[in-house]
Amino acid sequence: MNMIYTDFSAKEPSLGYIYQIKYALLLLLTNARELNKPKLRIENLDDVEIEDINSLNLYQTKLHIKNKANLTDASVDFWKTIRIWSEHITKGLIDIDSTIFNLITTENVPETSLLHKFVENNYSEKEIDEIVKNLDLITENSDNQTNKKAYKEFQKLSLETKKKIVKNIRIIDNTISIEDIDSKIKKQLILSSYPDHLDAFLEILDGWWLKKAIENLLSKSDYINAEELLLKIANIRDSFNSDNLPNHFPEPLEINDEDVDVLKEKKFLKQLEIIQVNINSRAVKRAISDFRRAFEQRSKWLRLHLLNPEEEEEYDKKLQDYWRNIFEILCDEAEDKSQEELIALGKSFYIDKFAKNCPQIKIREKFNEDFLTRGSYQMLSDIKKVGWHPNYKDKI
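End of the sequence shown = 398 in the working numbering, gap-free, step of one.
For the record, the hints were derived by calculation from the structure and aren't laboratory data.
Because the structure is a prediction, the values reported are computed rather than measured.
Careful, some of the hints might be misleading.
To be verified - Below, a list of computed lysine-lysine pairs in the DSS-like style, where the Cα atoms sit at most 25 angstroms apart:
1) K302 x K386
2) K397 x K364
3) K41 x K189
4) K234 x K358
5) K287 x K349
6) K386 x K355
7) K287 x K397
8) K169 x K189
9) K358 x K268
To be verified - Here are the simulated distance ranges between beta carbons:
10) E253 x K189: 27 to 33 angstroms
11) I385 x P361: 16 to 22 angstroms
12) Q278 x D323: 23 to 29 angstroms
13) Y19 x N280: 39 to 45 angstroms
14) I398 x S301: 21 to 27 angstroms
15) Q341 x I385: 24 to 30 angstroms
16) F297 x N123: 51 to 57 angstroms
17) I353 x P252: 22 to 28 angstroms
18) N280 x E229: 41 to 47 angstroms
19) I130 x Y196: 46 to 52 angstroms
20) R284 x L233: 31 to 37 angstroms
21) R305 x I328: 31 to 37 angstroms
22) K188 x P361: 35 to 41 angstroms
Even glycine gets a Cβ: it sits at the ideal position worked out from N, Cα and C.
Sequences are here, hints too, so could you generate the full structure?
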C-alpha cells in the first residue's frame, strides 16, 4: 500500500499562491460594482492591490492549513506585513492617507490581543495613540529575531506616520479556507448564472482568470480591471443561453512530433496519410489539435448536460450531409483518373474545402468556433463516416 505524504508545511506555500490568485478574483468581484473603476495587480506593492480613482487597497493573504493558531501581538505574519508596508511608506511608493492596509488571514485574532483593534476597526484618536504606544513597546522589548527587521522598519516611521498607518489597518481574521473559496466566488456569480451551471461557469472563469493573473505576474499587462472581468462574466453568461454553448478550450493545443507518433495509427491520421499530407506537417498537428479539442469539448458538454445526445447526433448528420454533397462531386471528377491523380484530388479536396476554409456548420447558432467543426470532421474521419481520398473506404 502506498504511503500518502502529508507534510503540510511543504505544501502550504504552493497552496498559498493558489489561494492568493483565487482570493484576488474574489476581491475584484466584490469590489467591481462598489469602487470607481477598480483595477487589480498581483505581487506588485503587495500580494494583491486594488486601486480606483480615490483609493488604494493593499492586501496581504495568509493561508494556514495545519495547526491553525492565533494571530498574536508578536506574530511573524503580522510583523512581516508591517515591514512591507513600512518600507513602501519610507520609499514614498504609496500615499498613506488614501491607502487601506488589509491583512487577510485564516488564523484567529483573540479578543485579548492588541491586534483585535484592527479587526474591530473602530477606535478613537486616543485609542490610536495607545495602539502606537503598544506597538512601539513590542518592537523595543520583543526578542523575536525573525521580526527584528520588521521592528526596525516600523521604528523608521515618524509618530504621525505610525498613527496614520494604524488608523488605516484592517485585519480580516478567520477568513475562508482554500477549500471554501470557490463557494464564496460562486455566491458572487449567482445572479450571472443558472444554479445548475455554476460549476461549469466558474471553471471557465477560473481558466481565464489564471491566464490574466499569469500575464500580470509576467508584466505582460499592467493590471486587470473590473470592466474586463465583468465583460468576461457577461460573455460566459451568454454562452450558456439556449442558442449558444460555453467554450472550455479556447486555445489551440501545442502538438509535437511525439504526440504525432503516439497517434499515428489513428484512422483520421491514416486518412491524411493516404492523400500524402506529411505526417509531421503543421497541417497534421493542427488536425490533431482540432480533434482533441472537439472531442474534449463535446464530451464536456454532454457530461455537464449542456448538450443532449440527440442534438449531438443531429450535428454530425449536418456535417456528413455537407461533406457528402461535395464528396460526390469529387467522385465524379475522379472517374478514370490514375492513382497519383486520385491522391492529388483528395489532397486538394481536404486542404481547400476543410483545412483552408472551414464549413460554416454550427452546433448552436451563436457558437462560432471553427475548431469544433474541423475537429468533428476529424472525429467522423476516424470512424470512416467521412473521408478525403475518393476511394478512402478501400484504402483504410
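Now the hints, each set against the structure:
{"no.": "1", "hint": "K302 x K386", "result": "holds (23 angstroms)"}
{"no.": "2", "hint": "K397 x K364", "result": "violated (30 angstroms)"}
{"no.": "3", "hint": "K41 x K189", "result": "holds (21 angstroms)"}
{"no.": "4", "hint": "K234 x K358", "result": "violated (30 angstroms)"}
{"no.": "5", "hint": "K287 x K349", "result": "holds (16 angstroms)"}
{"no.": "6", "hint": "K386 x K355", "result": "holds (18 angstroms)"}
{"no.": "7", "hint": "K287 x K397", "result": "holds (22 angstroms)"}
{"no.": "8", "hint": "K169 x K189", "result": "violated (31 angstroms)"}
{"no.": "9", "hint": "K358 x K268", "result": "holds (22 angstroms)"}
{"no.": "10", "hint": "E253 x K189: 27 to 33 angstroms", "result": "holds (29 angstroms)"}
{"no.": "11", "hint": "I385 x P361: 16 to 22 angstroms", "result": "holds (18 angstroms)"}
{"no.": "12", "hint": "Q278 x D323: 23 to 29 angstroms", "result": "holds (27 angstroms)"}
{"no.": "13", "hint": "Y19 x N280: 39 to 45 angstroms", "result": "holds (42 angstroms)"}
{"no.": "14", "hint": "I398 x S301: 21 to 27 angstroms", "result": "holds (24 angstroms)"}
{"no.": "15", "hint": "Q341 x I385: 24 to 30 angstroms", "result": "holds (25 angstroms)"}
{"no.": "16", "hint": "F297 x N123: 51 to 57 angstroms", "result": "holds (53 angstroms)"}
{"no.": "17", "hint": "I353 x P252: 22 to 28 angstroms", "result": "holds (25 angstroms)"}
{"no.": "18", "hint": "N280 x E229: 41 to 47 angstroms", "result": "holds (46 angstroms)"}
{"no.": "19", "hint": "I130 x Y196: 46 to 52 angstroms", "result": "holds (48 angstroms)"}
{"no.": "20", "hint": "R284 x L233: 31 to 37 angstroms", "result": "holds (33 angstroms)"}
{"no.": "21", "hint": "R305 x I328: 31 to 37 angstroms", "result": "holds (33 angstroms)"}
{"no.": "22", "hint": "K188 x P361: 35 to 41 angstroms", "result": "holds (38 angstroms)"}
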